[in-house]
Structure formats: C-alpha cells, structure tokens
Amino acid sequence: MNDVNKYLTVTALTKYIKFKMDNDEHLKLVFLKGEISNFKMHTTGHLYFSIKDETSKINAIMFSSNAKKLNFNPVDGMKILIVGRVSVYESTGNYQIYVDEMMEDGIGNLYLEFEKLKKKLELEGLFDKDKKKKIPKIPEKIGIITASTGAAIKDIISTIKRRYPICKTYLFPSLVQGENAADDLVEKINISQNYDLDVLIIGRGGGSIEDLWPFNEEKVARAIFASKIPTISAVGHEIDFTIADFVADLRAPTPTGAAEMAVPNITDIMKHINNLNIRINESINTKLNYEKLKLDTLKNSFIIKNPMLIYENKKQKIDLLYENLNKSIFINLSTKKLEIDNLKNNYIIKNPNILYENKKVKLLNLIQKLELVNPLSILKKGYTLTYKNDKLVKSINDISKNEIIKIKLHDGFITSKVIDKE
Amino acid sequence: MKTEKKFEEKMEELETIVNELENGNIDLDDSINKYTKAMKLIKECDEKLKNIEEQVNKIVLENGEIKDFEIEE
Chain A
19 MNDVNKYLTV TALTKYIKFK MDNDEHLKLV FLKGEISNFK MHTTGHLYFS IKDETSKINA
79 IMFSSNAKKL NFNPVDGMKI LIVGRVSVYE STGNYQIYVD EMMEDGIGNL YLEFEKLKKK
139 LELEGLFDKD KKKKIPKIPE KIGIITASTG AAIKDIISTI KRRYPICKTY LFPSLVQGEN
199 AADDLVEKIN ISQNYDLDVL IIGRGGGSIE DLWPFNEEKV ARAIFASKIP TISAVGHEID
259 FTIADFVADL RAPTPTGAAE MAVPNITDIM KHINNLNIRI NESINTKLNY EKLKLDTLKN
319 SFIIKNPMLI YENKKQKIDL LYENLNKSIF INLSTKKLEI DNLKNNYIIK NPNILYENKK
379 VKLLNLIQKL ELVNPLSILK KGYTLTYKND KLVKSINDIS KNEIIKIKLH DGFITSKVID
439 KE
Chain B
10 MKTEKKFEEK MEELETIVNE LENGNIDLDD SINKYTKAMK LIKECDEKLK NIEEQVNKIV
70 LENGEIKDFE IEE
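Line by line, the protein sequences are chains A and B.
According to the working numbering, the first sequence is numbered sequentially starting from 19.
According to the working numbering, the second sequence is numbered sequentially starting from 10.
Just so you know, the hints here were simulated from the structure itself, not pulled from any lab data.
Misleading hints may appear alongside valid ones.
What the hints assert, rightly or not - Straight-line C-alpha distance at most 25 Å; calculated SDA-like pairs for lysine to any residue:
id, chain 1, residue 1, chain 2, residue 2
1, B, 76, A, 211
2, B, 76, A, 167
3, A, 152, A, 259
4, A, 155, B, 56
5, A, 159, B, 59
6, B, 49, A, 286
7, A, 305, B, 74
8, A, 246, A, 145
9, B, 46, A, 309
10, A, 289, B, 28
11, A, 377, A, 367
12, A, 159, B, 74
13, A, 172, A, 285
14, A, 36, A, 64
15, B, 15, A, 297
16, B, 14, A, 118
17, A, 179, B, 75
18, A, 38, A, 118
19, A, 289, B, 25
20, B, 57, A, 183
21, A, 46, A, 30
22, B, 67, A, 205
23, B, 19, A, 300
24, A, 310, B, 41
25, A, 312, B, 33
26, B, 57, A, 286
27, A, 149, B, 15
28, B, 14, B, 39
29, B, 59, A, 292
30, B, 57, A, 292
31, A, 387, A, 400
32, A, 186, A, 288
33, B, 19, B, 58
Whole structure, please, built from the sequences with the hints as guidance.
So, in structure tokens, the structure goes:
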C-alpha cells in the first residue's frame, strides 16, 4: 500500500506546474491592466511590484533589459497596461507575471492627476470644514448648473417639484463633458452669482471617469470655492468622487440626492408649523392660567380682604408719632427753662455793682499817680514861680530894679515891684 | 420695493418665539405681544405654503434672457 514511489518530490511537482503553465496558450501572452503597488527597483535594475485591482493581486517582475525601455517612472497607485507571460518561480513556488512591456493607462494617469490636485487644494484649505457655507433649510430660489437635457436636470427638477413645489428654479445650462465643459461650468457658476439664489446645485449624471473629468479640473474647483452662494455638488453616482465634491459646501451622492438635500418636504414644514401652532397656544394658555391663578391668590390675600387693616395700621402709627412729638416738645421746653434760670442766678447779674466798684478803684489810683507828677502840686508846699512879661524868670540876671514881676502861688498871683536884687 | 423677510427667517423667528414662550421667563405683556407676533408669522408661513400655484422652472440663456423651461418627458 505504502509504495514510496507514489510520492512526488516538491521539485518534481513544481516543475510539473511550471511546465503546465509555460505551455498554456493563454498564459504565454497575457495583456493585463491594473494598478501598481509595492513597487521596488532592485540595484540590478530589475523591477519588482504587484499589480492589483479591487479584489485580486498578482506579483510581477520586469527585468532590467525591458525596464530600460520604459519612458515613465512607475509608482505605486499608477494604472498601467502590461504585456507579459505567467510562469512559476521555482525557488518560492510563486507564480508571477514576467513583464515584457508596460505603459501608462490613460485613466490611471487621470487618477494620479486627481490625487495631485486633491492634495494641492486640500493644503490650500479649499476643502476646510470651516470654509463650508451653511445650506439654507428652506430655499426660495435654486440655481442648477448642468446640461439642459438628460437625466440629471430631469431628476433634480422633478424631485424639487415633488418635495417643495413653491420653490423657484433657475437652470444655467452648461456643457458637462468634453474639452470645453470646464470653462463653460466656470462661466455659468460666475453668471449664477447675480441671480439672488439661495443655493446652487452643480452636477451631472453618471458616466465614465473621462466624462466626469471637467468636475475634477482646478478652475472648476476654484469657481465653486469662490461662489458666494452655498453649493451642492451632484456628480455621477454614489461611488463617484470628484474634486468638485470636496470643494462644494455639500456633496450629494446623485442629482436626485442633491435636490432632496436642497429643499425640505413641504408636508414636513406644514406639520412643523402646525406643531408650533399647538405648542404656542399651549404655552400661552399655561401662562394665562398661571397669571390668573396668581391674581386669584392676590385677590384672596388677607390684606385685600381686610382693607381697614391698612388704615388702622397707619392710624396707630400716627397716634404714636403724635405722642412722641408732644413728649419731645415738653422735654425741650423744660431744658430751655432750666437754662434761663441758670442764667438768672449768674453772679455778675446778681452783683452788677462789682463791675462799677472795680472801675472806681482803678480810677482813683490813676488820679493819685497823676497828682504825683503834676508840676503845680509842688506850689502847694509853698514854692512859687516868677514871671516877667509872662515869661518864667529862671535867673537873677533876667530882672532889674523897679521892674514889675508876677509871682504865681498855688492859689493865685501876686504882682510886685522889684525894690532890690542881690 | 420692500424686501420681505425670507421664509426661512420667518420660520426661525417663529421657533425662537415658541421656545421663549415655552421657557416662560417673560412677563405677561411681553408674552401676549410675542404670541400675537407668532400668530401673524404662522398665518404668513401658512399662506406661503398653501399658495400652491406652482412655480414655473426658468432657464437662463447665454444672452441673459430668462425663459420658461419644461422638462422633456
């Protein structure tokens, strides 16, 4: 049973697989498209990388002899078209594609351009959240920039009319694919700024990446960014992302979606208004009831019910004040009376002659002092003064014999004649 | 031409008033004034919505001319 000869060596199996592959007509010459990943260039000049799509991956090798002929630098993410053959590398048992020729895939190229522009505008801040304008909840005038024919405009207008029929729409017909589309879109975005619009829908229906390309152009992105009207982008299908989607204030998955985002449902608004109406009536009723209750409480308050109390309180207070007033007047009068009595009993008032007596003594003293210095008082002691012709005689030489002289005594004059002098 | 307040602004004003009244921190006179104002707003908004005369779609042509625009079914 266990015949050892039945068992293959690994090498034998691998050689067999390789032989099968090398002789398969479909694997001898393969045309393959995909995206480069894990790209490495060996020092020998050989290129090692993988080629992948959304679900599968295959290892690839390109020998330096073929790699030398490339007119571009392969990088990760690049979409490429290659020609080669599939075979097995025996040492590892891996199958791989041996690339003879490789060229850029036009679409892959666009993808790179897209990534480059996206990064650039992102760094410039064109996608910043805080630069996004608010989309009005209930717009009245909507501008639409898309082709005047086709599914997109039909979807947008019919959705708007179904949800919010009172909204006005303005279509700015534009090319949406081809060489001139970007310029046309920019022009229409600029024109639309003058129509007092509340919101601007910019988009088109689905298509190939080349079809959608105008919405990836820098000038379109800048025009959308510069728009003073809030913008909603609606390009292609849900899975399609364009630069316009990143720069617009709001991205809609489809044109229909854009219309749904742009306008509310009229029945919702009606319901909302109804609801507000109910709420406001409820709250005003609550308020009125509350105020009425407050008023009732006041009406039933003790003081309102017994208004005489207010009067009585006041009356009592007045009585008290009157009493206090009387008391204080009496106290005041008594104090004054006491003061007057005190004054009446004052020593000076009682003995006014003291003032007089004092003055009299002082005067007599003065008179005595004056007497002491009066020159005439000496005459009282018997001294006399002699005058000649009313002049005082001070020397014997002033008079001669037989001259008339007057002698003054303290109480009169003697007129004499000089009989002799010595 | 007097520019009427936009519908959305009216709705916002209405919501603000309802919220204020529901909070109940305003005096009675103010409440009644606000209530009157709200009733006016509700009437205006309602009329606007019920005015179902459908708006015709317009197309702005290259020369700036504005025409009615019908979708081809």
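Status of the hints after comparison with the structure:
1. 76(B) - 211(A): holds (18 Å)
2. 76(B) - 167(A): Holds - the C-alpha atoms of residue 167(A) and residue 76(B) are around 16 Å apart, at most 25 Å.
3. 152(A) - 259(A): Given that 25 Å is the threshold and the Cα spacing comes to 21 Å, the pair holds.
4. 155(A) - 56(B): Roughly 19 Å separates the two Cα atoms, so the pair holds.
5. 159(A) - 59(B): holds (17 Å)
6. 49(B) - 286(A): holds (20 Å)
7. 305(A) - 74(B): Violated, at roughly 55 Å.
8. 246(A) - 145(A): Holds, because 15 Å separates the two Cα atoms, which is no more than 25 Å.
9. 46(B) - 309(A): holds (20 Å)
10. 289(A) - 28(B): It holds: about 17 Å lies between the C-alpha atoms, which stays within 25 Å.
11. 377(A) - 367(A): holds (17 Å)
12. 159(A) - 74(B): Cα-Cα ~17 Å, so holds.
13. 172(A) - 285(A): The hint holds at about 22 Å.
14. 36(A) - 64(A): The given pair, whose Cα atoms are some 22 Å apart, holds under the 25 Å limit.
15. 15(B) - 297(A): holds (23 Å)
16. 14(B) - 118(A): Distance of about 70 Å is beyond 25 Å: violated.
17. 179(A) - 75(B): holds (19 Å)
18. 38(A) - 118(A): holds (20 Å)
19. 289(A) - 25(B): Holds. Residue 289(A) to residue 25(B) sits at ~17 Å (cutoff 25 Å).
20. 57(B) - 183(A): holds (11 Å)
21. 46(A) - 30(A): Distance of about 21 Å is within 25 Å: holds.
22. 67(B) - 205(A): At roughly 18 Å apart (the allowed maximum being 25 Å), residue 205(A) and residue 67(B) satisfy the hint.
23. 19(B) - 300(A): Holds. Residue 19(B) to residue 300(A) sits at ~20 Å (cutoff 25 Å).
24. 310(A) - 41(B): At roughly 14 Å apart (the allowed maximum being 25 Å), residue 41(B) and residue 310(A) satisfy the hint.
25. 312(A) - 33(B): Given pair residue 312(A), residue 33(B) holds - Cα atoms ~15 Å apart, limit 25 Å.
26. 57(B) - 286(A): Within the cut-off at roughly 14 Å; holds.
27. 149(A) - 15(B): holds (24 Å)
28. 14(B) - 39(B): holds (22 Å)
29. 59(B) - 292(A): holds (13 Å)
30. 57(B) - 292(A): holds (14 Å)
31. 387(A) - 400(A): holds (21 Å)
32. 186(A) - 288(A): holds (19 Å)
33. 19(B) - 58(B): holds (13 Å)
Taken one by one, the earlier hints fail for this structure at numbers 7 and 16, listed in ascending order.
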